[in-house]
Amino acid sequence: MSNISIAQFHKVFFEESLEGLDAMEAALLALDEGGDAELVHSIFRAAHSIKGGSATFGFPDMAALTHEAESLLDQVRDGRRAIDKSIIELMLRTVDCLRGMFDRAQSGQPLANGESESLKQQLAAAVGHAGPTATKVAAKPAAASGWIIQFRPHAGMLAGGNDPLRLLRELAALGQLVVEAQLDRVPTLDALDPTECHLGWRIELTGSVSREAIAGVFEWVEDECDLSIEPLVAAAPPPAPAVEAVSAPAGAGGAAGTTRSAAASSNDAGSVRVGIDKIDGLIDLVGELVITQAMLDQFREEFDPSRLAMLQQGLAQLARHTRTLQESVMGIRMLPIGSVFNRFPRLVRDLSQKLGKQVKLELVGEHTELDKTVLEKIGDPLVHLVRNAIDHGLETPEKRRATGKGDIGTLRLEAFHRGGSIVVEIVDDGAGLNREAIIAKALQKGLIKSGEGISDDEVGELIFQPGFSTAAVTTDLSGRGVGMDVVRRNVVDLGGTVAIKTRPGNGTTFTITLPLTLAIIDGLRAAVGDECYIVPLVSIVESIQLPAEAIRSVTGGGELFRFRGEYRPIVRLHQQFGCTNARQNIEDGLVIVVEADGNQVGLFVDELIGQQQAVVKSLEANYRRVDGISGATILADGSVALIIDIAGLIRLQSRRKAA
Amino acid sequence: MGSKNKSDAAKGPVRVGMPSDFRIAEVTDMHRQLSAALDVSEIVLDGGAVERVDTAALQLLVVFQHEARKRGNAVQWASASAPLHDAASQLGLAEVLTLPAKQPA
Chain L
1 MSNISIAQFH KVFFEESLEG LDAMEAALLA LDEGGDAELV HSIFRAAHSI
51 KGGSATFGFP DMAALTHEAE SLLDQVRDGR RAIDKSIIEL MLRTVDCLRG
101 MFDRAQSGQP LANGESESLK QQLAAAVGHA GPTATKVAAK PAAASGWIIQ
151 FRPHAGMLAG GNDPLRLLRE LAALGQLVVE AQLDRVPTLD ALDPTECHLG
201 WRIELTGSVS REAIAGVFEW VEDECDLSIE PLVAAAPPPA PAVEAVSAPA
251 GAGGAAGTTR SAAASSNDAG SVRVGIDKID GLIDLVGELV ITQAMLDQFR
301 EEFDPSRLAM LQQGLAQLAR HTRTLQESVM GIRMLPIGSV FNRFPRLVRD
351 LSQKLGKQVK LELVGEHTEL DKTVLEKIGD PLVHLVRNAI DHGLETPEKR
401 RATGKGDIGT LRLEAFHRGG SIVVEIVDDG AGLNREAIIA KALQKGLIKS
451 GEGISDDEVG ELIFQPGFST AAVTTDLSGR GVGMDVVRRN VVDLGGTVAI
501 KTRPGNGTTF TITLPLTLAI IDGLRAAVGD ECYIVPLVSI VESIQLPAEA
551 IRSVTGGGEL FRFRGEYRPI VRLHQQFGCT NARQNIEDGL VIVVEADGNQ
601 VGLFVDELIG QQQAVVKSLE ANYRRVDGIS GATILADGSV ALIIDIAGLI
651 RLQSRRKAA
Chain A
1 MGSKNKSDAA KGPVRVGMPS DFRIAEVTDM HRQLSAALDV SEIVLDGGAV
51 ERVDTAALQL LVVFQHEARK RGNAVQWASA SAPLHDAASQ LGLAEVLTLP
101 AKQPA
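From first to last, the protein sequence lines are chains L and A.
Note that our numbering has the first sequence beginning at 1, numbered continuously upward.
Note that our numbering has the second sequence beginning at 1, numbered continuously upward.
Covered by chain L, according to a simulated footprint, are these stretches of chain A (three or more residues, beta-carbon under 8 Å): (1) 28 to 40; (2) 46 to 57; (3) 60 to 66; (4) 91 to 99.
With the C-beta cut set under 10 Å, the calculated list includes, among others, these residues of chain A facing chain L: (5) Arg23; (6) Ile24; (7) Asp86.
Heads up, simulated SDA-like pairs for lysine to any residue below, C-alpha to C-alpha not over 25 Å straight-line: (8) A:Lys70 / A:Arg15; (9) L:Lys441 / L:Asp485; (10) A:Lys70 / L:Asp190; (11) A:Lys70 / L:Asp184; (12) A:Lys70 / L:Asp193; (13) L:Lys501 / L:Val541; (14) L:Lys85 / L:Ala26; (15) A:Lys70 / L:Thr188; (16) A:Lys70 / L:Ala191; (17) A:Lys70 / L:Gln182; (18) L:Lys617 / L:Thr322; (19) A:Lys70 / L:Gly200; (20) L:Lys501 / L:Asp485; (21) A:Lys70 / L:Glu196; (22) L:Lys85 / L:Ala126; (23) A:Lys70 / L:Val186; (24) L:Lys372 / L:Ser107; (25) L:Lys445 / L:Gln653; (26) A:Lys70 / L:Thr195; (27) L:Lys85 / L:Thr396; (28) A:Lys70 / L:Pro187.
No wet-lab data here; the hints were simulated from the structure.
Here a beta-carbon is modelled for each residue, glycine too, at the ideal position from N, C-alpha and C.
Here chain L stands alone, though its shape is the one from the complex (with noise of 0.2 Å):
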């Protein structure tokens, strides 16, 4: 077992770790709200599972700290210890701990610190063998030119089939063994059962032999003894570069972590991992696209005219196959939202503990899946919301009494597809926007001029303003004047939309829209004079010619249009992009009405050229952002087409409205 073969399994490693430290965290959770024992027994599973992925792949303060965590959990287990709040705040740090250290670990850092080496002692000292253990790990001097092997078997390993003996003549082949038998735990003759293993060893090994070699030797009895593998640090003549270079993970434990992490953050480009029956999907539809591809084949070698109908049979037979290859393809970077959604659990115990207010969350729709891309950047901002409507929204105990709404408040974190988006919704039952202090706050920051006639709507809108906070009080959870705003732009960013819908004294409900996915969308094309524009086909309602006489001019120069019995002001491309050769006259061209953010605009082009699909390209990337639009594409004579960004165009146009 080279470094080299190691190292391609990190990747593995942490990202089952991560999930397992997820799961441990989602169990601890529910075992705080009074769960059963196969909680415990799942805990105990995703410690065991990172204690020994951690020894095997040469973490050994990880394995330490695990190994603790595990201890106390195994009589938990067994029923010799009571599960209380303490030992599931204790796990749930060691849980954090060790995030931290599989962070440190992908960045090549030591992972032990003065944190995890406490919360070590603290299990520990908890299990009831605090004191000098045999795990102890600590940073040492570089030079090693061997290993110092702590072995003692559990009572059971001996009946279990696996024999010490075998296993230091295994570690005899590697180097040179020193071998000490300890023998301080033996009973007497007749208090002993000869099948159980009452000895020790304390070994020290030298020769250049790396940890994961030793380790190997005793991957299969983990489960079955105390271990621990420390560097020998050398007294007298220093080793020879060629020991060094090979035992490079030989210096201290955190120096092990480094030179196997700087390999694995060197291909850090991330990964899915992919449902078999996706796959088996995408084999199924190109073996589909292969015949259909072999029939066309057929034509080519033979063709008659009169087979016209059964060509162009298969030419569609091939589109449709392309069509669900493509939606195939994409499923694979779906991931569900449940991923995300699971970090607020503890986030939402964390916090109410700490601002005193008692809060239910649910979670609904975990299995609502999103483009891989999306979801990792919908994290921070869907955390950014649930705090605020915690710290801001949900009100105290007391509060909630005075107002005859029962003492928990509710958190809802919904996520739903709805037409060709998925939708995520925050909700809260706490007090809903001060519309108070928002309209004071605007006034006194001049984004308004008074706050007379401002719908409760507008009063939101005005939250997602740059440097726009509230809170009297600026605490570490929210309020720190980067709020909204930033939300607002990730989203943007991500091609959705948030929207906030509140109700005085009942509470506030975020609605975030977010594209399916970030490559491809449909969208219809549109000739505007000389230029061809996208636009995409979820936020179309209907395509309408209208007679001029249907146009209603309004004072301030906009144009309204009557439209299923509203009025709704128009948006003529060709003035706001400033193309040439256009269509002046309404009857001459087209009204597309698009919908964004519950908004209804009339677009008006010259005509509509057809459906199409688009894949995205990025304007930013490539030129730099415009506002109301979202990207380019390039169609299929090469020439290139904008995609519309329909709510920056209905954003830009009322900004326009307003000023």
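Chain L is already provided as a structure; the job is to place chain A on it using the hints.
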């Protein structure tokens, strides 16, 4: 196996022989024999026939030696096979077991 009956043993040194396959499956039996042997002041251990041995067996011998020393029994080795020697030194137990010099192979 080689152990004498307890009543006979009172007269002279008791000899405890070890089986050729002296591993965990045999230790319970040997435990009984060795415990019984402690009634006699002089005990002779014969490990000459041992071909296979494991940690459980050696641990039993260690515990037995401890016990015998504590009680003041005299324990001697008649012989110890090479596999027994090797295993004991591998586990760092050769000295504790006071094994005799290695037999020529």
